[in-house]
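S.K.: Spelled out from the first residue to the last, the chains are:
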Amino acid sequence: MANDVAVKSFYQESTNKYSGILSWLLTKDHKRIGLMYMIAILAFFVVGVIIGLLMRLELIAPGRTIMDAQTYNTLFTLHGVIMIFLFIIPGLPAIFGNFFLPIQIGARDVAFPRLNLLSWYIYIIGAILVLVSLFLPGGPIDTGWTFYIPYSVRSTTNVSMALFAAFVLGFSSILTGLNFITTVHRLRAPGMGFFKMPLFVWATYATAWIQILATPVIALTILLVILERTFGVGIFDPALGGDPILFQHMFWIYSHPAVYIMILPAMGVVSEIIPTFSRRTIFGYKAIAMSSLAIAFVGYLVWAHHMFSSGMSDTARWIFSLLTFIVALPSGVKIFNWVATMYKGSIDPQTPFLWVMNFIFLFSIGGLTGLVLGSLATDIHLTDTYFVVAHFHYVMFGGTGTIFFAALHYWFPKMFGKMYNKKFANIAVVAYFIGFNMLYFPKFIMGYMGMPRRYYDYLPQFTIYQEISTIGSWILSGTIFFIIGYLIHALKYGKKATSNPWGGVTLEWHIPSPPPLENFETIPIVTHEPYDFSQLKEMKDE
Amino acid sequence: MNNHADSAVHQIHRDDVGAKMGMWLFLFTEVLLFGGMFLVYAVYRYQYPSQFHLAAMELNTAMGTFNTIILLTSSLTVALSIAALQNGKKILSLILLSATLLFALMFMVVKYFEWTAKISHGIYPGSPELLAKHNGQILFFGLYYVMTGLHGLHVLIGMIVIAFMIVFVARDKVTTDNYVKLENSALYWHLVDLIWIFLFPLFYLIQ
Ligand code: HEM
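Residue numbers (this note's numbering), protein chains in the order written: chain A, 1 to 542; chain B, 1 to 207.
Pulled out of the complex, with its shape left as it was, chain A reads as follows (with noise of 0.2 Å):
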């Protein structure tokens, strides 16, 4: 485009008067705060990894390796606190949420900028209360990040510090998707309908749903077992009339449905990236858009299959072992609705494409073993075995973890207006996906074996698997720091990016690269369905 030139971008242009550090710590841009969480969300990824790793060194031979049990318990605590609360479920939604909801429905900002810098400022202070329970008398907290009952009432770690920092989160969370409702609901460009919007837009706008739906729920459970552990209610302890399951029921309903707010963005990328790449409208716009919704619902009636052998009656298990199946069915709808997609397109595989191609693969394997976890008789061999940690990861790294990394490739261009080394970003796909299957591969035999998860030591049938599992970690993990490593490198030396770099037509595509402050000089007239590839011709001539 032609103005390019001229126009300034968000960097270089503030919302308040002042310059440097400030400029961004009170800004109001949508655009900025995305950025901010992509630092710090970033930072606690690259924490949770190491950990990681330090647990996988610790899994290389049996018996002591270089920490002792209480040590590993805590590891892996904070390991999943840390990638579920800090990593997983802001991830996608507040990042390129924020970055690129507005400007993909045509509007200047979120409804509420300011709420939008306070939710961002909550996860800050949640982030930093998790950093302090580390550090006070008491100990990290050793429970697991499902917290269960009784342990987490008995555990004389720094339980209820930690459990409050999840609580705070959960206020951002819930902040985030009051936002984005609105938003959509508001500032919708003139002839941006419902049906006209991007399906990123349709999959976060579900999310939004579902964070302000479940969030309540799981913030009442950690309230309930704060002052449980402080005054001895009663609520989940049977010796006063309490009942422990009830937790359980009550942690997932929340925990279930945040699965859903993890992968449902994640979808949306796909959404987005498959039609660019393929040069083809979506195939089954509604399809797609309405089993979000779909998944959104029935993703709430199927928490207690996390529980089948924790004490339920039988009709209540095959009930949920059903609902189970049946959510499987809007997800199917996607994956069919993507590869007819694909179908007879002009399939251009660059790297983004290239990381779809990644998730697919990984996500099915996620998938399909679910389905294996949520029959009954396979569960109750499989249950709380490395069967479930190799699922888990599976369709949480797998699927939301790659698209993540889909997705900053996608929009790297478009957010610092530079392009990474195409060649590296190649080669870290592959080796992802080698890293990947490695670590995780051998966890569904091992599992399958009997191995159960949270052991710091384990019997020397499975070492080979371990050590397998241990290279892998390597593998990906060095991947992973390769990824960030070129795109810093990138962000200075990177070839300076066109506005329009994958030939992509939502709105985002139409502004230069990076965006101005308001994003639009005027905003748009939408006459377009949103994956119109015949406007690419006009948009050259622009």
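One or more of the hints may lead you astray.
Quick partial rundown of chain A residues pointing at chain B, CB under 7 Å, derived from the structure [as the list claims (entries may be wrong)]:
#1 178
#2 217
#3 389
Calculated from the structure, these hints are not laboratory results.
Even for Gly, the Cβ is constructed at its ideal location relative to N, Cα and C.
Got chain A sorted already, so can you dock chain B with the ligand onto it with the hints?
M.R.: The following block gives chain B with the ligand in isolation, referenced to the frame of chain A:
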């Protein structure tokens, strides 16, 4: 440059409908928070119906009723204060808001006396007196403290919010034609009231 003119418009961009929508969504999360509590209540009430009945006899229905009336009235005053402001009667609006604050304070004072009376009788979570009772009663009082405590916390927050509104109205930050902040605060206050309407029968009237 028209670019600048545009951003000037954006700076004063105001969307009352949006603001209220955000507030309703927030209230929704509050309902879910207490909804979880009511669920726990329902579970244990179903499990120990007669014990709940017995324990409820120990609560002071007169004080509970008094508090219900106070809180309902405060909801009325806060609603009237909006109407007053809409009609340009700033002073009246301020008086009504102050009355709301006063009622809220009274509610908290009564609550304080109720709790201290119970505590001085040795009924509080973990007390030997309470532990000597039947499980159902232990849970009843546990829930009583947790739920009214959580509600009390909301009353406190509501008081802070209303105090802010008094300042805003006095300083003309909330005015006859820009009162969405006041409306949202009143919505919050109504919610606090509404939750009490459910707590009151569940604890005081089931004897
Ligand atoms: C290089 C990266 C990673 C490595 C090496 C790694 C490794 C591990 C290991 C060894 C465990 C403990 C298994 C056990 O003993 O039961 C574990 C648990 C876990 N991981 Fe990871 N992981 C990585 C990335 C992730 C990511 C990206 C996520 C989330 C999206 C994640 C979520 C979890 C959770 C939730 C647990 C369970 C914690 C608990 O049992 O309470 N991990 N991981």
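S.K.: Which constraints among the numbered hints does this structure fail? Numbers only, ascending.
M.R.: 3
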